[in-house]
Amino acid sequence: MLGDRGYDADWLREALKDKGISACIPGRTQRKKTIKYDKHRYKRRNRIEIMFGRLKDWRRVATRYDRCPKAIFSAIALAATVIYSL
1 MLGDRGYDAD WLREALKDKG ISACIPGRTQ RKKTIKYDKH RYKRRNRIEI
51 MFGRLKDWRR VATRYDRCPK AIFSAIALAA TVIYSL
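Count the sequence shown with the UniProt record's numbering and you get residues 1 to 86, in order.
There may be inaccurate statements among the hints.
Here are the simulated DSSO-like cross-link-like pairs (lysine-lysine), alpha carbons at most 30 angstroms apart as the crow flies [stated by the list, open to error]:
no.: 1; residue 1: K70; residue 2: K56
no.: 2; residue 1: K43; residue 2: K56
no.: 3; residue 1: K43; residue 2: K17
Pairwise CB distance ranges, derived in the manner of DEER restraints [claimed, not checked]:
no.: 4; residue 1: I72; residue 2: R45; range: 20 to 26 angstroms
no.: 5; residue 1: S85; residue 2: R28; range: 35 to 41 angstroms
no.: 6; residue 1: K70; residue 2: R31; range: 40 to 46 angstroms
no.: 7; residue 1: A15; residue 2: N46; range: 21 to 27 angstroms
It should be emphasised that the hints constitute simulated quantities derived from the structure, not laboratory data. Just so it is clear, CB atoms sit at the ideal spot from N, CA and C, and this is done for glycine as well.
Turn these sequences into a full structure, and let the hints steer you where they fit.
Given below as structure tokens:
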């Protein structure tokens, strides 16, 4: 799981570890014990945030007019395809 410093909590790291999920979350600056994480993977997190920001530019996706999960996922897939092709 990729997350920023706001998700740095021991209980969250333990819960992810129990489920077999590797956490890529940098430690906060006030932390006494430094946390090791994959810096290369963490830098790529920016691309994911940019994509979510661009998806929210689409009114239908941002406000979620559709109640049916198939319809909203179809709208997200269409928006992601158009954004990626630009």
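Taking the hints in turn, this is what the structure says about them:
A distance of roughly 18 angstroms separates the Cα atoms of K70 and K56; the hinted pair therefore holds under the 30 angstroms criterion. For the hint pairing K43 with K56, the CA-to-CA distance comes to about 22 angstroms; that is within 30 angstroms, so the pair holds. Taking the CA atoms of K43 and K17, the gap is near 22 angstroms; set against the 30 angstroms cutoff, the hint holds. At roughly 24 angstroms, the beta-carbon separation of I72 and R45 lies within the given 20 to 26 angstroms, and the hint holds.
Checked against the hint of 35 to 41 angstroms, the pair S85 and R28 passes, with Cβ atoms roughly 39 angstroms apart. At roughly 43 angstroms, the beta-carbon separation of K70 and R31 lies within the given 40 to 46 angstroms, and the hint holds. Between A15 and N46 the C-beta distance comes to about 25 angstroms, which sits within the given range of 21 to 27 angstroms.
Hint check: no violations occur; every hint is consistent with the structure.
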